[in-house]
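Using the sequences plus the hints, can you model the full thing?
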Amino acid sequence: MAEAILFYLFAIGVLLAGAQVIFRRNPIYGALSLVGCFFFLSGIYVLLAAHLIAILQILVYAGAVMVLFVFVIMLLNLKEEELGEARWTAWKAIGVAAVVAGAGVIAWRALGPAYPGGPVRDNAMVVAGFGGVKAVGRTLYLASVLPFEITSLLLLVAVVAAVVVAKGKI
Amino acid sequence: MDFFHAHQAQHYLVLAALLFALGAAGVVLRRNAIIVLMSIELMLNAVNLTFLAFSRFPLVPNPPMGSFLSGHAAAFFVIATAAAEAAVGLAIIIAVFRSRTSVNVDEFDTLKL
Numbered sequence: 590m591a592e593a594i595l596f597y598l599f600a601i602g603v604l605l606a607g608a609q610v611i612f613r614r615n616p617i618y619g620a621l622s623l624v625g626c627f628f629f630l631s632g633i634y635v636l637l638a639a640h641l642i643a644i645l646q647i648l649v650y651a652g653a654v655m656v657l658f659v660f661v662i663m664l665l666n667l668k669e670e671e672l673g674e675a676r677w678t679a680w681k682a683i684g685v686a687a688v689v690a691g692a693g694v695i696a697w698r699a700l701g702p703a704y705p706g707g708p709v710r711d712n713a714m715v716v717a718g719f720g721g722v723k724a725v726g727r728t729l730y731l732a733s734v735l736p737f738e739i740t741s742l743l744l745l746v747a748v749v750a751a752v753v754v755a756k757g758k759i
Numbered sequence: 580m581d582f583f584h585a586h587q588a589q590h591y592l593v594l595a596a597l598l599f600a601l602g603a604a605g606v607v608l609r610r611n612a613i614i615v616l617m618s619i620e621l622m623l624n625a626v627n628l629t630f631l632a633f634s635r636f637p638l639v640p641n642p643p644m645g646s647f648l649s650g651h652a653a654a655f656f657v658i659a660t661a662a663a664e665a666a667v668g669l670a671i672i673i674a675v676f677r678s679r680t681s682v683n684v685d686e687f688d689t690l691k692l
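In order, the protein sequence lines correspond to chains Z and A.
Every number in the working numbering is 589 more than the matching position in the first sequence, counting from 1.
Every number in the working numbering is 579 more than the matching position in the second sequence, counting from 1.
Bear in mind the hints are in silico, worked out from the structure with no lab data behind them.
The structure presented is a predicted model; accordingly, all values stated were derived computationally and were not measured.
No false leads were mixed into what you were given.
Label-pair distances were calculated between CB atoms; the ranges are: (1) Z/689 - A/685: 21 to 29 Å; (2) A/671 - Z/689: 26 to 34 Å; (3) A/674 - Z/683: 30 to 38 Å; (4) Z/697 - A/692: 40 to 48 Å.
Footprint (simulated), chain Z over chain A, 3 or more residues, beta carbon under 8 Å: (5) 589 to 595; (6) 616 to 628; (7) 648 to 654; (8) 676 to 685.
The beta-carbon is built from N, C-alpha and C at its ideal position, and this holds for glycine as well.
Right, dumping it as structure tokens:
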């Protein structure tokens, strides 16, 4: 029961902060709402027993990535008229309604019968150490060591690409 | 599906679908390139939430050892890829802003025939 209450608390926080990201006019408010959204999402991850991913979410997303976003927003220093507003045209309203309706249809019709034996209840599968550093690390280094190394290569390429693209003149 | 009983996989999947819809709406609605990038981050996080929910509540009753945490590994890779994507995307925004002094995606139409 406590988990359900915490879930609804975090879920409402995630959705409200995510809506702020979209509907705030000034991108700096959007970026700060996104930080809040990531913190609430990290709470959801803890409820899912994904402790390592929850910590990584705060360190990498709310720490590193969002600092990069805020830094770029400050660097560009947009004027009031350059901010750009959410312009509602009829087609966009129809598109948003279609997206929301699609999410609703997926939520109610497709996900409900996804589990043949009825919904899975509490703590059915959680073994000791599930989602901790040791268990996830074993999975990373034993089962998926090649994707792990490719990811390190991807990060290297991204660092070089970011410098080359943003620098202008090398 | 009783919503006020203990938490179930469906709760998390519905939340992930709503979060993804929010991100997709932001991509099609907003014209500011930075906010479009932030909406993409929202969608990536929704995907992560789905991975973790299916890892916590597997579809098969007893998944084999070594595979039952692969959702966590996938979420790890998504986080790393999202960081790389944010770095490159923001670098592109800075480069375009330098030549056009604008971040409005409606004005980036040079490639349009």
